[in-house]
Amino acid sequence: MKAFNESRATKVRRQVLRHFVLGFASILMIYPLLWMVMSSFKPDELIFSDPTALPTSFDLTSYFQGWFTFRESFTTFYMNSFIIAFFAVVGNLMACSMTAYAFARLEFRGRKIWFVLMLGTLMLPYHVTLVPQYVLFLKLGWVNTFLPLIVPKFLAVDAFFIFLMVQFFRGIPREIDEAAIMDGCGPWRIYWKIMLPLSTPVMATAAIFSFIWTYDDFLGPLIYLNDMSQYTVPLALRAFVDSSGGESLYGELFAMSTLSLVPVFIVFLAFQRLIIRGVALGALKR
Amino acid sequence: MTSVSTNPGGRSAPSTEGRFARIWRRNGAGYLFLLPWLVGFLGLTLGPTLASLYLSFTDYDLLTSPRWSGLKNYEYAAFYDRRLGKAIEVTFTYVLWSVPLKLTVALLLAMVLDRSVRGVAFYRATFYLPSLLGASVAIAVLWRQLFGADGLINQLLFFVTGIQGPAWITHPDYALSTLIVLAIWQFGSPMIIFLAGLRQVPQDLYEAASMDGASGWRQFWKITLPLLAPVIFFNLVLQTIEAFKAFTQAYIVSGGLGGPVDSTMFYSLYLYLEAFANFRMGYASALAWILLVIIAIFTAIAFGTSKYWVYYEDEQR
Chain U
1252 MKAFNESRAT KVRRQVLRHF VLGFASILMI YPLLWMVMSS FKPDELIFSD
1302 PTALPTSFDL TSYFQGWFTF RESFTTFYMN SFIIAFFAVV GNLMACSMTA
1352 YAFARLEFRG RKIWFVLMLG TLMLPYHVTL VPQYVLFLKL GWVNTFLPLI
1402 VPKFLAVDAF FIFLMVQFFR GIPREIDEAA IMDGCGPWRI YWKIMLPLST
1452 PVMATAAIFS FIWTYDDFLG PLIYLNDMSQ YTVPLALRAF VDSSGGESLY
1502 GELFAMSTLS LVPVFIVFLA FQRLIIRGVA LGALKR
Chain G
171 MTSVSTNPGG RSAPSTEGRF ARIWRRNGAG YLFLLPWLVG FLGLTLGPTL
221 ASLYLSFTDY DLLTSPRWSG LKNYEYAAFY DRRLGKAIEV TFTYVLWSVP
271 LKLTVALLLA MVLDRSVRGV AFYRATFYLP SLLGASVAIA VLWRQLFGAD
321 GLINQLLFFV TGIQGPAWIT HPDYALSTLI VLAIWQFGSP MIIFLAGLRQ
371 VPQDLYEAAS MDGASGWRQF WKITLPLLAP VIFFNLVLQT IEAFKAFTQA
421 YIVSGGLGGP VDSTMFYSLY LYLEAFANFR MGYASALAWI LLVIIAIFTA
471 IAFGTSKYWV YYEDEQR
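Listed in order, the protein sequences are those of chains U and G.
According to my numbering, the first sequence is numbered sequentially starting from 1252.
According to my numbering, the second sequence is numbered sequentially starting from 171.
If you're looking for bench data, these hints aren't it; they were derived computationally from the structure.
Careful: at least some of the hints might be erroneous.
[Said to hold, decoys possible] Derived SDA-like pairs: lysine to any residue, alpha-carbon spacing no greater than 25 Å straight-line:
(1) G/Lys-415 x U/Ala-1531
(2) G/Lys-415 x U/Val-1515
(3) U/Lys-1390 x G/Phe-446
(4) G/Lys-415 x G/Glu-245
(5) U/Lys-1363 x G/Arg-196
(6) U/Lys-1390 x G/Thr-234
(7) U/Lys-1390 x G/Ser-239
(8) U/Lys-1363 x G/Ala-191
[Claimed, not checked] Partner residues are not named here, just some residues of chain G that face chain U (Cβ under 10 Å, in silico):
(9) Ile-193
(10) Tyr-230
(11) Arg-288
(12) Thr-418
Since this is a predicted model, take the numbers as computed values, not measurements.
The beta carbon of each residue, even a glycine, is placed where N, CA and C say it ideally should be.
Only chain G is shown next, with the shape it has when bound in the complex (with noise of 0.2 Å):
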């Protein structure tokens, strides 16, 4: 790019107006429109994810300013942070159960809903409301209920079969299994996507399936799930990245602690705790890069075995 006062040969520019004019006339207008975001992603995203990295390389009390300590956060988490440990753990038991669960029964009533049921609209619905309430901590205090000493589940299992259910939120086998149920219990979305994917399967493959005698079994894993695939790969996405930022319902369950000994301590609740509880801003960066890398390692994997598994309809092989 030239300068603005250089003009080789003294020839006239194609117009009068000057350099800075005609840039702002054909950008302009963008950027003016542009602007609101632009401010938000440079000074609430972009920079703050680059003073994030600096941080996870000090030690930050957020009272002194930040002191540089190298690879210590790190080392720290890699080798000494049993907490951490158990946080991951935790977390990947959740992420593990929760999410093919959920989309399980989520595919499964969306294949019941699918064919024409009456009161369609209202079933759907009954099946959403959970997922849209979901992230309130009302529901959080109520499961926080219903698995008390002597809450609704405890009261219908000796009302049913006389056995005495124990403590479920606060036993440490069972706490973060109360946890999953309420994620399953939340399958509407991804039920909703489901639903809106069956509908453009074509029915004439079905149709032709039949002709030929291929069973339902045989139909739904020839048929409906490869014609599926782009959507399941979707929702799984979505569901994993959803379950890895799980905080409400830890939060509330243990009373913000993480307990019973540490077993619904999600990674989300330890890093708030680390950050705002302990003050360790630094170290809590760390952190959410560390936890930045297990998302990109997890999407990474479901990318690239997704060409695998994964056919699009109008993709050209």
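For reference, chain U alone in the conformation it holds in the complex (with noise of 0.2 Å):
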């Protein structure tokens, strides 16, 4: 009897420690963006006299001076943000579960080679191609639109989605699609209303992990983008820090990027599961 107590003890302790330790480290997470968006709501001159100080009234003033700073407002930069981010989506979903189906489903030459240096590029830094690729944008007479930030997508070069789907698709037995083909379908509509209907988790996955990259993208909107009316919402971020140094306007600042990250955490609420699960998905499915 008293052993049992004492390992009952032991479990108890064990399991306080663990919620100190865990409890420990999500503060240590989540503190920087509390301060964040604490200090969007205080004026500037209280932001930095008391770090753990709640703000002591809910002052938009930062939220509206932030959001007209510029000459244009970020109703201009969102709008441009969710244009760019909804083809992604759309193209990438199109693009890469074809070329996942193919990979996956279809015989034909050349199908092992194909697979392998579509592979080979999960591997290859972007740095690579990005000289190449922004020298044919401009030749092309694209540079200072959005079309090479969306054409790619179509044409689908975010390898990691492709990947994601093979797998998915594998996973789904092959006596269906046998069945559809001595039903008469072709592979059209095999993939149509066979695959894709079936594959609804995966291609969630992919189009939220697409829509936050791409509404995050800073490198690719910075290189090919110059023209304020089609600044996305990060690129006008960074045009706080290099207006001001970020010297005087911190309240606006921290009001625009506390505005500019709740997309992604509304997603992240909404699909929490999905997001976690697909993280996990591409490393231990091999």
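These two chains come separately, so use the hints to put the complex back together.
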């Protein structure tokens, strides 16, 4: 009986210790973000006087002023960001799923070689294609348009999504498409009516990551978009740092930074399980 | 392969359809589905890769056509470009500190989370969130303020110890460390992968080990680490490549200049500046190829040594 009690006590002690470690780590992880959100509601002079203080009032001045700091308002920047992200998601889903279907299910000469090359592009650092791609888009007259940020997605340049979808398609029983072939379905119908409807989890995962990565992308817009009317949200945030050295517009900068995280945060809250599964999937299903 | 017109002996082909039609019937659908990717691969990956290799042997300023300069770019990179030396030093320091520390923290917390803890989903989400937000300019902006002269870090430091901290972000000795801290803060995605890996370790191994009186420490070294080796390997390669590619953080934190005194001049940032601020497109291409070789060497070392420390369960040996 005594032994039982002891082991119970150690168990409880372990649980408490675990929660202590985890709780402390959570606060450490979240505090910088909280600080930014709290600061965005404070007048500038209060931001740096007390790091722990909650805002005394929900002062939205920084938000109004931040939204209209530049020649173009954030309405334009958000519109631009969402337009680019929307087409990127559509493009990635269409092109990557078609490619993945071909690799996972169709027989054709050279399939293995193309597949190996596709996997090879996963390892290729973007630096290698950066300059020639820029030259190509410049010669096409696409610089200062959204095309360099959108068109590549319709050409399945994100091999990671192809890889993810191939893994998923391979898990769908072949008997299903064999039966469909018996019924006279061609590859297009099998892809459209069977594979895609059965693949909503992986499609949703690809869509979520595609959205977040495009929305957060900085280098692409930095290189291809020069006119402020075409700026995306990240470029506009950078403009704060450039124009003021971040010295005088703290409140506005924090307010707009906080707002810029909201779409990603909403997506995260809504699809947390899919996102977390998506991260693990690539690593373990080999 | 014989050509279409030859038909030895005048024997009829097995089917009446032509050679082209037959090839089409066998391969057409596959290539039709593959078409978008093929265009992208040839036009946006393979083509540019070859073009980049060519450009790396030229002088090219975007306005006049590329002029062949042989090995000049590579010679300059190897012997004269002191800034490149600094960029490599900065990038290596960043990779060698951030990756192991990040993976250690990730593994540690994955192990704490792996045991049944109430509120696992909450903790997991909290730890993952910074990874998800990490690539954004907002986080880089936040970091710039956190480690500023009167930022949160110094306020807390003063509050707790009474010491007035330096302006981390604008101090050449500390600026890079703040970026390493940022990278470690984003340990979420390797943690998720570790967690998934830990779930696959058979629990009866631990029970058997406990029966034999093996301590927790011993179980970690003899069971957890070896069985997790493939996942550690995967995370190591992935995070190393990611770290070599880091750009946004360095750009924002240093205001796009890699300062102070080049202390945050990441390789990617240096390449960007050479290409798009100095318009030395040929030299930037050479830099890209040097980076490709560096990453390839790292990956080769990882894969080469992996057979000594990574055991796959389903492996025949």
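>> For a C-alpha distance cap of 25 Å, please report whether U/Lys-1363 and G/Ala-191 respect it.
In response: holds, 23 Å
> For the pair supplied as a hint, G/Lys-415 and G/Glu-245, is the alpha-carbon distance within the 25 Å limit?
Replying inline: Distance of about 24 Å is within 25 Å: holds.
>> Check whether the Cα positions of G/Lys-415 and U/Ala-1531 lie no farther apart than 25 Å.
In response: holds, 21 Å
>> For the restraint on G/Arg-288, tell me whether the closest CB of chain U is nearer than 10 Å.
In response: Because about 8 Å separates G/Arg-288 from the closest Cβ in chain U, which is inside the 10 Å limit, the hint holds.
>> Need the status of pair U/Lys-1390, G/Ser-239: alpha-carbon distance at most 25 Å?
In response: With Cα atoms ~23 Å apart, U/Lys-1390 and G/Ser-239 stay inside 25 Å; holds.
> Do the alpha carbons of U/Lys-1390 and G/Thr-234 lie within 25 Å of each other, as the hint requires?
Replying inline: holds, 13 Å
> Regarding the pair G/Lys-415 and U/Val-1515, is the alpha-carbon distance no greater than 25 Å?
Replying inline: Holds: G/Lys-415 and U/Val-1515 sit about 22 Å apart, inside 25 Å.
> Does the interface hint hold: is G/Thr-418 within less than 10 Å of chain U, judged Cβ to Cβ?
Replying inline: G/Thr-418 check passes; min Cβ-Cβ to chain U is 4 Å, inside 10 Å.
> How about G/Ile-193: closest beta carbon in chain U under 10 Å, or not?
Replying inline: holds, 8 Å
> Was the hint right that G/Tyr-230 lines chain U, CB cutoff 10 Å?
Replying inline: Interface hint status for G/Tyr-230: holds (8 Å vs cutoff 10 Å).
> Are the Cα positions of U/Lys-1390 and G/Phe-446 separated by 25 Å at most?
Replying inline: Distance ~16 Å between U/Lys-1390 and G/Phe-446 Cα, so the pair holds.
>> Checking one constraint from the list: CA of U/Lys-1363 to CA of G/Arg-196, max 25 Å. Satisfied?
In response: Given that 25 Å is the threshold and the Cα spacing comes to 15 Å, the pair holds.
In this structure, none of the earlier numbered hints is contradicted; all agree with it.
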